[in-house]
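As given, the protein sequences belong to chains C and W, one line each in that order.
Read the first sequence against our numbering and you will find it ends at 534, with the numbers running on by one and no gaps.
Read the second sequence against our numbering and you will find it ends at 242, with the numbers running on by one and no gaps.
There could be a bad hint or two in this list.
[Claimed, not checked] Simulated DEER-style distance windows between Cβ atoms:
# : chain 1 : residue 1 : chain 2 : residue 2 : range
1 : W       : ASP72     : C       : GLU302    : 36 to 46 Å
2 : W       : SER8      : C       : THR402    : 34 to 44 Å
3 : C       : SER122    : W       : PRO218    : 52 to 62 Å
4 : W       : ALA117    : C       : GLY253    : 17 to 27 Å
5 : W       : LYS163    : C       : SER122    : 28 to 38 Å
[What the hints assert, rightly or not] Interface residues of chain C toward chain W, partial, derived using beta-carbon atoms under 10 Å:
# : residue
6 : SER101
7 : LEU103
8 : ARG177
9 : ASN206
In short, the hints are calculated from the structure, not lab data.
For each residue, glycine too, the CB sits at the ideal point set by N, CA and C.
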Amino acid sequence: MIDILIIGSGGAGLAAALAAKTAGAGVAVAGKAYPTNSQTSMAQGGMNAALGNTGEDHIALHIADTIKSAHGICNEHMVRKMCSDAPKAIAWLEELGVPFSRLDTQSQGIKTIAQRQMGGASAKRACYAQDYTGLKILHTLYDACLKEGINFLNEYFLLNLITEDGTVKGATFLDIRNGEVVQIDAKSVVIATGGFGTLYHGYTTNAYGSTGDGIAAALRAGGAVSDMEFVQFHPTALKHSAILISEAARGEGGYLLNSAQERFVDELKPRDVVARAIFAELERGQGVFLDVRHLGREKLMELLPQEVELCRLHEHVDPLTQLIPIKPVAHYTMGGIDVDDALEVNGIKGCFAAGECSNAKIHGANRLGGNSLLEIIAFGRFAGENAVKHALFARATPADDTQIQKDKAHIAHILMQAHTVNFYDAREKLGKLFYDKVGIVRENTKLHEALDEVSMMQAELPKMGLKDKAKEHNQNLVEFLEFSNTLLLAPAVISAAIARNESRGAHFKRGFEFGDDEKFKKHIVLQWKNEEHA
Amino acid sequence: MKIKVFRSQTNTHQEYTIPGGETTLLKALMHIKATQDATLTFSAGCRASVCGTCAVRVNGKEQLSCSHKVKDGDTVEPLQYHPVLRDLKVDKQPAQKTLLTAAAWLHSFTQAAQNHADEKRSERQTDCILCDSCYSACPVFAVNPEFIGPFALTRAYRYSVDKRETNVKEIIDAVQHNGVWDCTLCGECTAACPKGIDPKMDIIMLRSASVQQGYADPSFITQSFGAPDFGGGFGFNPNTGF
Chain C
1 MIDILIIGSG GAGLAAALAA KTAGAGVAVA GKAYPTNSQT SMAQGGMNAA
51 LGNTGEDHIA LHIADTIKSA HGICNEHMVR KMCSDAPKAI AWLEELGVPF
101 SRLDTQSQGI KTIAQRQMGG ASAKRACYAQ DYTGLKILHT LYDACLKEGI
151 NFLNEYFLLN LITEDGTVKG ATFLDIRNGE VVQIDAKSVV IATGGFGTLY
201 HGYTTNAYGS TGDGIAAALR AGGAVSDMEF VQFHPTALKH SAILISEAAR
251 GEGGYLLNSA QERFVDELKP RDVVARAIFA ELERGQGVFL DVRHLGREKL
301 MELLPQEVEL CRLHEHVDPL TQLIPIKPVA HYTMGGIDVD DALEVNGIKG
351 CFAAGECSNA KIHGANRLGG NSLLEIIAFG RFAGENAVKH ALFARATPAD
401 DTQIQKDKAH IAHILMQAHT VNFYDAREKL GKLFYDKVGI VRENTKLHEA
451 LDEVSMMQAE LPKMGLKDKA KEHNQNLVEF LEFSNTLLLA PAVISAAIAR
501 NESRGAHFKR GFEFGDDEKF KKHIVLQWKN EEHA
Chain W
1 MKIKVFRSQT NTHQEYTIPG GETTLLKALM HIKATQDATL TFSAGCRASV
51 CGTCAVRVNG KEQLSCSHKV KDGDTVEPLQ YHPVLRDLKV DKQPAQKTLL
101 TAAAWLHSFT QAAQNHADEK RSERQTDCIL CDSCYSACPV FAVNPEFIGP
151 FALTRAYRYS VDKRETNVKE IIDAVQHNGV WDCTLCGECT AACPKGIDPK
201 MDIIMLRSAS VQQGYADPSF ITQSFGAPDF GGGFGFNPNT GF
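Using the sequences and the hints given, assemble the complete structure.
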């Protein structure tokens with residue numbers, strides 16, 4: 001039995017692993033791919049910390065901006081913690097060797113880190129490494145994990161958490177390589193499995209793997225989820241491929257134009273506002289473009305080299321001389337596993353959650369750019385530390401084999417299922433359904449239609465057998481399990497959206513265009529009534 | 001359009017027909033898996049050339065599936081020098097062990113004054129996405145499977161030039177055996193890198209650093225005095241700032 005089992009090997013998982021290891025615990029990190037494959041690599045723009053390296057800034061301003069953008073439904077204590085931990089988090093990354101972009105100053109250490117403007121921020125606050133911030137943080141964390149001898153279990157797909165009397169005892173996994181179902185016993189568990197943006201398959205900036213596996217597992221194990229209706233749409237994804245163009249493009253001075261070449265919104269408003277303004281333009285038949293031509297070659301190649309390359313490759317436009325066609329697509333899921341102030345999962349003792357999969361209630365109804373990398377580092381470490389504290393007094397008796405037997409039977413059953421409906425078609429359909437009916441602007445009639453369609457899809461799940469029956473390296477099976485997880489979360493998102501008869505942050509509903517603090521200045525928390533679904 | 005894809009079970013290439021028009025290889029593979037053959041196995045992630053998951057070889061050249069635009073008649077195969085697990089999916093764990101061998105991390109931190117020029121010293125090297133393209137392209141592995149290889153050496157170099165590192169010697173020590181001197185400086189890694197990284201130049205720089213630390217090219221010791229081989233690969237790299 002290990003001390004700390006960390007599920008998910010992105011930025012939050014690696015930060016948790018390093019923190020737990022430093023605290024003296026035995027750690028294993030299980031992930032469905034390799035550590036550096038994770039969604040964290042896609043974070044481009046930066047990581048917020050009120051260092052004031054480029055103009056005046058204060059932690060209090062960072063807190064105020066974050067609270068304002070959350071539209072009244074954040075946990076102010078957690079926001080204060082995250083924002084005041086931010087300079088320490090940056091200093092920690094500096095010590096690990098993260099290659100931040102630098103200023104020409106006479107200073108030392110983190111005072112030399114360059115900072116850029118992001119939407120909704122009252123100062124230049126986002127520390128960055130060109131437009132590869134997430135990539136460079138992630139890889140440096142990985143190098144540090146190798147240095148510390150962290151034990152990685154690659155290609156372990158999370159099936160279920162194991163609980164006894166409401167306390168976590170470990171988890172079961174599908175070892176993708178050999179097809180076996182395995183049980184890992186642990187005193188504490190940290191879930192760091194990322195968000196569920198691929199619910200909007202085809203209409204998301206997210207990697208294929210952002211399928212909410214940990215959130216679904218937490219629900220099945222009796223944990224609670226909250227704020228599921230708040231899905232952030234990033235204003236600027238490439239029109240044809242939905243590939244992300246960083247907010248840094250606007251932070252550095254890029255414009256948004258419609259077909260008439262007119263600017264129509266303050267580009268530096270928070271993402272929810274900008275995404276809705278773009279959506280309105282698209283609805284009246286306008287094309288929408290990002291214009292960075294006036295920034296000039298030197299600045300673009302210096303600050304946004306990745307964006308330039310992605311535009312050329314996927315959209316056939318050269319941002320140096322041409323407008324970039326864009327559309328808003330799903331980008332980040334604010335909601336997730338409901339956790340308390342110690343990041344312990346509401347409903348499962350000894351189980352912690354950090355990063356996009358968790359809802360630590362810091363982003364509220366709308367996340368600020370630059371706060372997600374901050375969250376995975378600051379709260380990833382915090383989750384790791386708290387998991388160690390729990391492990392000190394946890395019972396070291398492993399769970400019995402009830403869960404693993406169930407999961408073995410379940411996998412065997414999936415491989416036996418008849419194939420009459422192709423789940424890849426269903427995945428496309430679900431993505432489009434969500435973009436159209438659970439998207440940027442919502443309506444109750446459409447939400448109800450979406451809920452009906454999701455229910456029908458769930459009823460068809462037993463017909464979606466697999467064509468690939470192989471035991472080893474069955475990617476078809478993995479993708480089916482991922483799809484099942486997103487489908488499990490779909491009704492939670494829709495029903496929370498239906499219940500919230502108001503507009504707040506990223507959740508905007510026709511017929512209820514204003515906020516209703518009296519009824520809805522609160523979190524919608526959902527939990528399964530019984531454990532029969534597991 | 002027709003493409004041929006390596007299938008591990010039969011050890012042959014299977015031909016698939018995909019709709020015409022511009023498409024990335026990754027989209028084409030996804031299309032095949034979803035509509036024609038669910039058993040075709042490959043790895044994929046971000047679609048945006050940054051997660052490092054989807055590298056394969058197309059017509060003998062390393063490519064990221066998500067950025068390669070398919071052409072009629074393309075032949076798609078798994079990376080070289082990696083155990084093939086199934087079809088295009090390879091085992092990257094042995095290759096990633098080279099990061100441990102190279103001890104490619106920050107060994108001993110000190111706070112340093114850093115400026116824009118310091119950022120530039122390892123900007124390109126830290127664009128590495130660990131896609132393993134360079135490893136697949138490196139001919140040294142055909143004769144020496146224990147070679148540390150390009151990406152791990154580039155990463156070692158990146159830390160060795162970091163002003164925050166006070167123990168450069170430890171990094172240099174780690175890349176002597178099966179390391180910098182085993183490279184033939186052929187430049188295949190540089191040609192293969194989808195992020196424009198130049199591991200060959202990094203290896204040359206590590207050799208210089210090795211000499212500064214008192215190491216010598218082991219081939220000189222056994223070589224008779226003739227024309228010394230300088231590797232034939234000195235070039236100018238604007239990133240290294242000398």
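Against the structure, the hints come out as follows:
Between ASP72 of chain W and GLU302 of chain C the CB atoms are about 38 Å apart, so this pair conforms to the stated range of 36 to 46 Å. Between SER8 of chain W and THR402 of chain C the CB atoms are about 37 Å apart, so this pair conforms to the stated range of 34 to 44 Å. Taken as a hint, the range 52 to 62 Å holds for the pair SER122 of chain C and PRO218 of chain W, whose Cβ atoms sit roughly 59 Å apart. Checked against the hint of 17 to 27 Å, the C-beta distance between ALA117 of chain W and GLY253 of chain C comes to roughly 24 Å, which is consistent with it.
Taken as a hint, the range 28 to 38 Å holds for the pair LYS163 of chain W and SER122 of chain C, whose Cβ atoms sit roughly 32 Å apart. The restraint placing SER101 of chain C at the interface with chain W holds, with a minimum CB-CB distance near 5 Å, inside the 10 Å limit. A distance limit of 10 Å between C-beta atoms decides the matter here; for LEU103 of chain C the minimum to chain W is near 7 Å, and the interface restraint holds. For ARG177 of chain C, the shortest C-beta to C-beta distance to chain W is roughly 7 Å, which falls under 10 Å, so the interface hint holds.
For ASN206 of chain C, the shortest C-beta to C-beta distance to chain W is roughly 8 Å, which falls under 10 Å, so the interface hint holds.
Checked against the numbered hints above, the structure breaks none of them.
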